[in-house]
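Enquirer: One letter stands for each residue in the lines below.
2 protein chains.
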Amino acid sequence: MSLFLTVDAGGTSTRALVHDSDGTCSGYAVAGGGNPTASGVESVAKAIRSAAESALRQAAVEPAEVGHALAAMAGSATGLTGVERGLQQLGITAPLHLGSDLEAMFFSGTAELNGAALVSGTGAAAIVVRGGVTTARSDGRGWLLGDVGSGYWIARRVARAVTADLDGRGPRTALTEALLAAADVVGDRSAGKDVLLDQLVTTLYAIPTPGIARFAPLAFEQAGTDEVARTIVEGAGEGLADTVTALAGPDRTAPLIIGGSVLFHQTALRARVTELLRDRGWTGPVAAMADGTLGAVSMNLRSAGVTVDTALHEYAGKSLSAIRSRD
Amino acid sequence: MSLFLTVDAGGTSTRALVHDSDGTCSGYAVAGGGNPTASGVESVAKAIRSAAESALRQAAVEPAEVGHALAAMAGSATGLTGVERGLQQLGITAPLHLGSDLEAMFFSGTAELNGAALVSGTGAAAIVVRGGVTTARSDGRGWLLGDVGSGYWIARRVARAVTADLDGRGPRTALTEALLAAADVVGDRSAGKDVLLDQLVTTLYAIPTPGIARFAPLAFEQAGTDEVARTIVEGAGEGLADTVTALAGPDRTAPLIIGGSVLFHQTALRARVTELLRDRGWTGPVAAMADGTLGAVSMNLRSAGVTVDTALHEYAGKSLSAIRSRD
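Protein chains in written order, with UniProt numbering: chain H, 1 to 327; chain A, 1 to 327.
Source of the hints: derived by calculation from the structure; they are not laboratory data. The model shown is predicted, which means the values in this text are computed figures rather than measured ones. Keep in mind that a hint or two might mislead.
Computed from the model, here is a short list of chain A residues facing chain H with C-beta under 10 Å [said to hold, decoys possible]:
1. Gly131
2. Val133
3. Gly146
4. Ala159
5. Arg169
6. Arg172
7. Ala191
8. Asp194
9. Val195
10. Asp242
11. Thr243
12. Thr245
13. Ala246
14. Ala248
15. Gly284
For every residue, glycine included, the Cβ atom is placed at its ideal position computed from N, Cα and C.
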């Protein structure tokens with residue numbers, strides 16, 4: 001019986017999992033993140049190859065034993081060749097299926113084939129799923145044009161608010177001390193604002209886009225007591241609710257899966273978005289997922305003809321949790 | 001008597017001028033733009049070398065006849081080596097002086113040594129000048145962290161508003177048709193929003209940062225009749241006024257020089273900023289300049305010990321205008 005290699009590639013990290021058709025997981029590994037639009041297909045292919053290699057090693061599985069390979073990733077259509085070549089170099093002969101990272105998030109939260117997903121990690125987007133396929137999407141247009149309420153969107157506002165504060169153009173904010181500490185800017189305050197600002201500018205421009213997303217948590221840490229941070233977080237919540245509201249033709253009684261590193265870890269933001277969507281008539285069950293790994297498993301199994309019902313989904317989820325908690 | 005080579009390097013274009021100590025101009029050329037922070041020092045050095053070479057050729061001057069060379073540019077401290085090497089390769093043996101692009105804008109508008117300048121082109125910043133040197137600055141922190149009211153800032157808002165409109169997340173705006181036309185996105189509207197959006201996304205991400213600034217004029221063209229465009233332009237005006245207001249220790253009765261490609265060409269924006277600053281107690285004369293070339297001439301002359309009074313400033317300005325209107 002051939003094995004399954006399932007990959008979930010996100011902007012923050014890439015996860016690879018070896019499992020069988022029952023959903024029993026035998027190898028799991030995590031590598032760096034990558035986004036085909038932002039950082040190029042090669043970086044994504046490299047992260048996927050690295051995670052896959054480690055997962056196979058942990059499972060003590062030969063690459064040739066993999067009969068079904070699937071990678072869920074953003075901008076999936078563009079990345080096939082590089083990713084497939086990377087896996088072939090490992091000795092994997094099974095054809096690679098590519099899937100949407102947003103669908104993977106949806107199928108992580110439910111065994112249902114209808115509903116919607118909202119993701120905010122480095123980027124942000126929402127989709128409608130009907131009959132197991134995406135029928136509408138909203139946002140997910142990247143750091144320049146969209147991703148409202150994403151980690152990059154939040155962190156960019158933090159960085160601009162801090163710059164304006166130091167420059168005397170904007171209100172004082174506790175985000176300033178927080179960002180200077182997080183970015184390791186340890187300038188001499190008595191040397192004047194421009195010295196400190198020059199250091200901050202140099203540090204932040206040296207981070208490849210959209211890497212400043214790593215500073216998004218600062219906004220949530222300060223939002224309880226700082227007005228500038230509170231406004232940024234509130235804007236993120238409203239923007240993410242608007243992204244869902246703009247979806248064409250959703251079933252508001254079907255499951256809504258909410259995930260991504262920002263929405264999963266920032267429970268207050270998730271509660272706020274859920275509250276806004278309840279006000280707008282979303283009555284279906286809401287579930288939160290950290291990432292799309294379990295959904296990618298469902299997609300890989302289904303693409304091999306396996307029926308993924310609630311029982312199998314639940315079992316695979318437990319097996320995935322168990323292998324993740326090893327160490 | 002040795003000649004002067006004066007360069008004014010901006011984000012949009014780079015100008016080189018050959019002149020003598022009386023301010024009589026004999027060669028003038030324009031090359032592409034460049035910003036040391038955004039596009040690397042090499043691109044700036046290349047543009048400066050190209051413009052200088054053409055200006056020398058037009059003036060029929062041997063590089064060795066140049067006794068005084070000065071380049072005004074953003075982030076001047078970091079760019080010296082590459083720019084100087086480029087000019088040496090042309091055969092220019094005179095030591096290169098580097099000056100601030102913002103000071104060049106100030107000295108373009110006045111022969112005075114005290115006042116302030118506000119620039120909005122690809123980027124945006126303000127300075128206070130006292131005794132001929134910059135004593136305070138505000139903003140100018142680049143596309144990621146600042147440049148409020150700049151061409152990039154405006155164009156980014158235009159692009160995001162258009163993306164949100166097409167995506168159904170934001171209000172309808174006339175900017176959408178305008179940007180699709182300007183960016184040569186000629187998709188089939190009946191194919192659905194995602195096809196058109198994918199084309200726009202691909203086109204705009206392919207433009208190196210901060211090159212989308214070229215679309216800023218669309219906001220001004222639509223601001224008379226479109227609410228989204230009007231809000232963007234109004235925000236730019238208020239942001240630029242705030243940038244001036246945040247300056248430490250300005251003399252509000254001294255000249256205020258306003259320039260850069262956005263503030264020079266968009267007269268309604270300039271009028272609005274001036275009005276806001278009048279309300280905030282700026283009573284000195286306000287003059288508008290397209291670029292900093294004349295000011296860079298003043299800086300080059302002064303650094304060679306020439307006294308630049310109002311008569312010389314005016315004469316050099318007329319000579320520069322005359323050589324620019326040739327063709």
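Enquirer: Now tell me if each hint is right for this structure.
Expert: Consistency of the hints with the structure:
| no. | hint | result |
| --- | --- | --- |
| 1 | Gly131 | violated (18 Å) |
| 2 | Val133 | violated (14 Å) |
| 3 | Gly146 | holds (5 Å) |
| 4 | Ala159 | holds (6 Å) |
| 5 | Arg169 | holds (4 Å) |
| 6 | Arg172 | violated (13 Å) |
| 7 | Ala191 | violated (14 Å) |
| 8 | Asp194 | holds (7 Å) |
| 9 | Val195 | violated (12 Å) |
| 10 | Asp242 | holds (5 Å) |
| 11 | Thr243 | holds (6 Å) |
| 12 | Thr245 | holds (8 Å) |
| 13 | Ala246 | holds (4 Å) |
| 14 | Ala248 | holds (7 Å) |
| 15 | Gly284 | violated (21 Å) |
In summary, the structure is inconsistent with hints 1, 2, 6, 7, 9, 15 from the numbered list given earlier, while agreeing with the others.
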